[in-house]
Amino acid sequence: MAPDQGLSTQQASPAATAGRPQQSSDKPVDLLRFATAGSVDDGKSTLIGRLLYDSKAIFEDQLAAVERTSKARGEDYTNLALLTDGLRAEREQGITIDVAYRYFATPRRKFIIADTPGHVQYTRNMVTGASTADLAVVLVDARNGLTEQSRRHAFLATLLRVPHLVLAVNKMDLVGYESAAFEQIMEEFTAFATKLEIGDLTFIPISALHGDNVVQRSASMPWYEGPSLLHHLEHVHIASDRNLIDARFPVQYVIRPHQATDPSLHDYRGYAGQVAGGVLKPGDEVLHLPSGLATTIERIDTADGPVAEAFPPMSVTLLLADDLDISRGDMICRPHNQPAAAQDIEAMVCWMTDARPLAAGSRLIVKHTTRNVKAIVRDLQYRLDVNTLHRDESATSLGLNEIGRVTLRLTQPVFCDPYTRNRMTGGLILVDAATNATVGAAMITEAG
Amino acid sequence: MPVQHSDYMLSQLDILEAESIHVMREVAAEFERPVLLFSGGKDSVVMLALAAKAFWPARIPFPVMHVDTGHNFPEVLEFRDRRVAELGVRLVVASVQESIDAGKVAEETGRRASRNRLQTVTLLDAIADNRFDAVFGGARRDEEKARAKERVFSFRDEFGQWDPKNQRPELWNLYNARIRSGEHIRVFPLSNWTELDIWHYIGRESLELPSIYFAHKRMVFERDGILLADSPYVTRGDDEPLFEASVRYRTVGDMTCTGAVESTAATIEQVVDEIAVTRITERGQTRADDRTSEAAMEDRKREGYF
Numbered sequence: 001m002a003p004d005q006g007l008s009t010q011q012a013s014p015a016a017t018a019g020r021p022q023q024s025s026d027k028p029v030d031l032l033r034f035a036t037a038g039s040v041d042d043g044k045s046t047l048i049g050r051l052l053y054d055s056k057a058i059f060e061d062q063l064a065a066v067e068r069t070s071k072a073r074g075e076d077y078t079n080l081a082l083l084t085d086g087l088r089a090e091r092e093q094g095i096t097i098d099v100a101y102r103y104f105a106t107p108r109r110k111f112i113i114a115d116t117p118g119h120v121q122y123t124r125n126m127v128t129g130a131s132t133a134d135l136a137v138v139l140v141d142a143r144n145g146l147t148e149q150s151r152r153h154a155f156l157a158t159l160l161r162v163p164h165l166v167l168a169v170n171k172m173d174l175v176g177y178e179s180a181a182f183e184q185i186m187e188e189f190t191a192f193a194t195k196l197e198i199g200d201l202t203f204i205p206i207s208a209l210h211g212d213n214v215v216q217r218s219a220s221m222p223w224y225e226g227p228s229l230l231h232h233l234e235h236v237h238i239a240s241d242r243n244l245i246d247a248r249f250p251v252q253y254v255i256r257p258h259q260a261t262d263p264s265l266h267d268y269r270g271y272a273g274q275v276a277g278g279v280l281k282p283g284d285e286v287l288h289l290p291s292g293l294a295t296t297i298e299r300i301d302t303a304d305g306p307v308a309e310a311f312p313p314m315s316v317t318l319l320l321a322d323d324l325d326i327s328r329g330d331m332i333c334r335p336h337n338q339p340a341a342a343q344d345i346e347a348m349v350c351w352m353t354d355a356r357p358l359a360a361g362s363r364l365i366v367k368h369t370t371r372n373v374k375a376i377v378r379d380l381q382y383r384l385d386v387n388t389l390h391r392d393e394s395a396t397s398l399g400l401n402e403i404g405r406v407t408l409r410l411t412q413p414v415f416c417d418p419y420t421r422n423r424m425t426g427g428l429i430l431v432d433a434a435t436n437a438t439v440g441a442a443m444i445t446e447a448g
Numbered sequence: 001m002p003v004q005h006s007d008y009m010l011s012q013l014d015i016l017e018a019e020s021i022h023v024m025r026e027v028a029a030e031f032e033r034p035v036l037l038f039s040g041g042k043d044s045v046v047m048l049a050l051a052a053k054a055f056w057p058a059r060i061p062f063p064v065m066h067v068d069t070g071h072n073f074p075e076v077l078e079f080r081d082r083r084v085a086e087l088g089v090r091l092v093v094a095s096v097q098e099s100i101d102a103g104k105v106a107e108e109t110g111r112r113a114s115r116n117r118l119q120t121v122t123l124l125d126a127i128a129d130n131r132f133d134a135v136f137g138g139a140r141r142d143e144e145k146a147r148a149k150e151r152v153f154s155f156r157d158e159f160g161q162w163d164p165k166n167q168r169p170e171l172w173n174l175y176n177a178r179i180r181s182g183e184h185i186r187v188f189p190l191s192n193w194t195e196l197d198i199w200h201y202i203g204r205e206s207l208e209l210p211s212i213y214f215a216h217k218r219m220v221f222e223r224d225g226i227l228l229a230d231s232p233y234v235t236r237g238d239d240e241p242l243f244e245a246s247v248r249y250r251t252v253g254d255m256t257c258t259g260a261v262e263s264t265a266a267t268i269e270q271v272v273d274e275i276a277v278t279r280i281t282e283r284g285q286t287r288a289d290d291r292t293s294e295a296a297m298e299d300r301k302r303e304g305y306f
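Chains as they are written, first to last, in our numbering: chain A, 1 to 448; chain B, 1 to 306.
In short, the hints are calculated from the structure, not lab data. Check the hints yourself; a few may be wrong.
[Stated by the list, open to error] Pairs of lysine to any residue residues, derived as SDA-like cross-links and limited to a Cα-Cα distance of at most 20 Å, are as follows:
no. : chain 1 : residue 1 : chain 2 : residue 2
1   : B       : K217      : B       : D230
2   : B       : K53       : A       : T435
3   : B       : K53       : A       : L400
4   : A       : K374      : A       : A434
5   : A       : K281      : A       : L324
6   : B       : K217      : B       : G203
7   : B       : K165      : A       : D432
8   : B       : K53       : A       : D173
9   : B       : K165      : A       : L324
10  : B       : K165      : A       : D262
11  : B       : K217      : B       : P232
12  : A       : K281      : B       : F306
13  : B       : K165      : A       : T302
14  : A       : K374      : B       : P232
[To be verified] Stretches of chain B that chain A covers, calculated by requiring three or more beta carbons in the stretch to come under 8 Å of a beta carbon on chain A:
no. : stretch
15  : 74-86
16  : 106-118
17  : 167-174
Beta carbons: idealized from backbone N, C-alpha and C, even for Gly.
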């Protein structure tokens with residue numbers, strides 16, 4: 001039997017007959033993004049299949065297609081893992097190639113799952129999926145205990161500053177639903193976690209195959225008093241995860257209506273963008289970078305009318321009291337709370353291509369907020385072993401899926417914060433100027 | 001954004017809206033010649049509404065393009081022309097008939113003849129002729145499993161091809177817009193929206209849709225479990241009798257391969273209620289073009305389909 005076996009759909013929830021959950025449009029439903037990490041052997045696809053199935057996000061024709069394919073492959077169960085294999089090569093080879101995004105909703109929340117594959121190019125894909133995640137679910141096989149891979153997944157989640165981490169100890173059915181295996185893993189991981197900066201850590205014993213503690217609390221593990229995984233996903237508090245303190249507004253686009261028909265728009269000059277930090281209000285004194293000139297927010301526009309406040313991730317348009325020379329790539333902040341205007345940057349880089357390595361002297365293009373600048377790698381300080389967290393200071397290059405600390409010199413300053421302070425102003429991507437491929441991601445540690 | 005909360009949380013529709021607007025502004029800022037594909041379908045209606053919001057009070061700074069198979073629902077064409085006029089945007093029509101007349105593609109024949117696949121050639125020619133470098137499409141990742149793996153900025157080579165194994169990683173809200181001449185990016189600002197989100201948004205924003213989205217009486221016939229409209233463009237067999245039914249459409253495409261569902265839902269609220277309890281995907285229920293094989297969408301996408 002395949003390691004990641006499908007779940008029996010017979011015993012599953014009333015999903016097959018009942019309708020999907022309804023969202024009422026009058027009560028606001030919020031959004032949680034989470035990344036799942038684990039290899040095929042950990043039952044990740046089965047867990048996702050279970051969440052989608054039990055939350056009624058799988059449709060009959062999708063299920064029928066999976067049943068047909070399972071049968072054609074000679075499997076004697078409905079392999080729900082096939083639901084997440086989108087491409088022909090994946091179905092034929094039984095592997096997952098790329099990050100896939102899945103959607104389901106309950107009456108409380110909408111969920112976006114970044115489903116990242118467990119083997120080839122794992123680091124690159126997990127880093128991508130984790131970059132926007134509010135929460136990461138790391139799957140551990142209860143029989144095997146904590147593995148090098150579980151440690152790597154947890155490390156990557158913390159490197160990308162995913163605010164909430166869930167260690168889901170799966171296959172509890174195969175250890176007789178006993179608490180001993182769960183507690184052993186909990187203890188080991190807690191010891192390891194002291195090396196990481198984990199904001200919020202939750203352990204949940206589950207059986208994805210049988211549905212224990214996935215949607216419903218399990219009757220087989222009365223010793224576990226915590227919530228089911230779905231209950232946790234629905235209730236975890238994410239309101240305070242954004243930076244609402246440091247006002248950051250990268251100018252994305254200047255709106256200047258040119259229609260001659262409406263004279264009132266003649267002098268309209270709005271600075272459009274997505275709020276990257278803090279709360280902006282009309283009347284606030286603000287500072288423009290790079291000029292360093294101060295002005296006041298006169299109004300905050302949206303197509304639905306002006307708003308009293310703007311905060312992440314709102315897309316709005318600022319109207320300012322003074323006529324400054326402002327363009328895309330500039331930053332609006334507060335006079336007494338400014339980001340660094342940095343041409344020299346220290347960052348943790350995840351290298352994402354095997355076309356060429358990153359090394360001192362590599363020339364790249366940086367995209368940071370709404371700014372594109374050229375960069376040169378001054379120095380590779382060390383390469384990090386993501387399994388042991390050992391720093392290899394003798395390393396001279398980073399290959400595909402390797403992580404290291406680098407010094408970058410930029411042709412022009414970027415307006416940035418440490419990534420630990422703000423994911424939107426602390427993250428950047430690296431682009432190869434020759435091929436235009438995205439070859440790396442970087443989290444700023446220090447900027448000067 | 002009508003509702004604001006004391007804890008600075010946005011509803012999920014507000015978040016989706018803010019992110020889509022961010023994507024559209026990013027394209028307008030980084031590309032020289034973007035275009036927005038507009039079919040008159042519900043997804044492109046939402047996309048056009050978001051574009052209008054993104055640049056308000058200025059006009060949408062790029063044209064819209066309709067890939068016209070010549071097999072349109074007349075209601076949809078009327079709607080298209082009216083919306084374009086209201087928003088003051090330029091309409092580019094790329095005609096499959098012209099591709100056929102120019103000998104670039106050969107019309108399929110027989111009972112299952114459809115111009116669906118031919119559209120790809122017309123689309124790619126129009127992109128090349130107009131030198132468009134970014135093409136907005138209304139595809140959503142929840143629609144189909146090959147689409148679940150597609151990027152928001154999806155790179156296409158000079159042949160318009162998608163290479164799913166060699167996609168650019170997408171992190172945070174940073175999109176790599178760099179291309180060489182002749183290449184282009186397909187941009188999918190609705191990537192993270194689900195079918196239900198689209199309907200909730202249409203309801204919330206009171207967006208107008210072509211009338212075929214609501215229940216109406218129509219002469220139809222059944223083929224492979226799909227209800228197809230009687231039209232001059234399909235060849236019906238003797239074993240496919242016509243009958244009148246109360247139907248609505250879940251998607252809008254070519255009349256020859258877009259199926260209707262039996263329904264009495266006459267308002268957006270009633271449609272949302274029906275969709276919320278449906279158990280079949282919109283493409284599985286109403287699109288004959290996706291039923292050809294399990295990889296039907298993947299194959300068409302690789303060639304450059306929307």
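To see whether the hints hold, each was checked on the structure:
no. : hint             : result
1   : B:K217 to B:D230 : holds (12 Å)
2   : B:K53 to A:T435  : violated (34 Å)
3   : B:K53 to A:L400  : violated (40 Å)
4   : A:K374 to A:A434 : holds (12 Å)
5   : A:K281 to A:L324 : holds (19 Å)
6   : B:K217 to B:G203 : violated (23 Å)
7   : B:K165 to A:D432 : holds (18 Å)
8   : B:K53 to A:D173  : violated (52 Å)
9   : B:K165 to A:L324 : violated (46 Å)
10  : B:K165 to A:D262 : violated (49 Å)
11  : B:K217 to B:P232 : holds (18 Å)
12  : A:K281 to B:F306 : violated (41 Å)
13  : B:K165 to A:T302 : violated (39 Å)
14  : A:K374 to B:P232 : violated (58 Å)
15  : 74-86            : violated (count 0)
16  : 106-118          : violated (count 0)
17  : 167-174          : holds (count 8)
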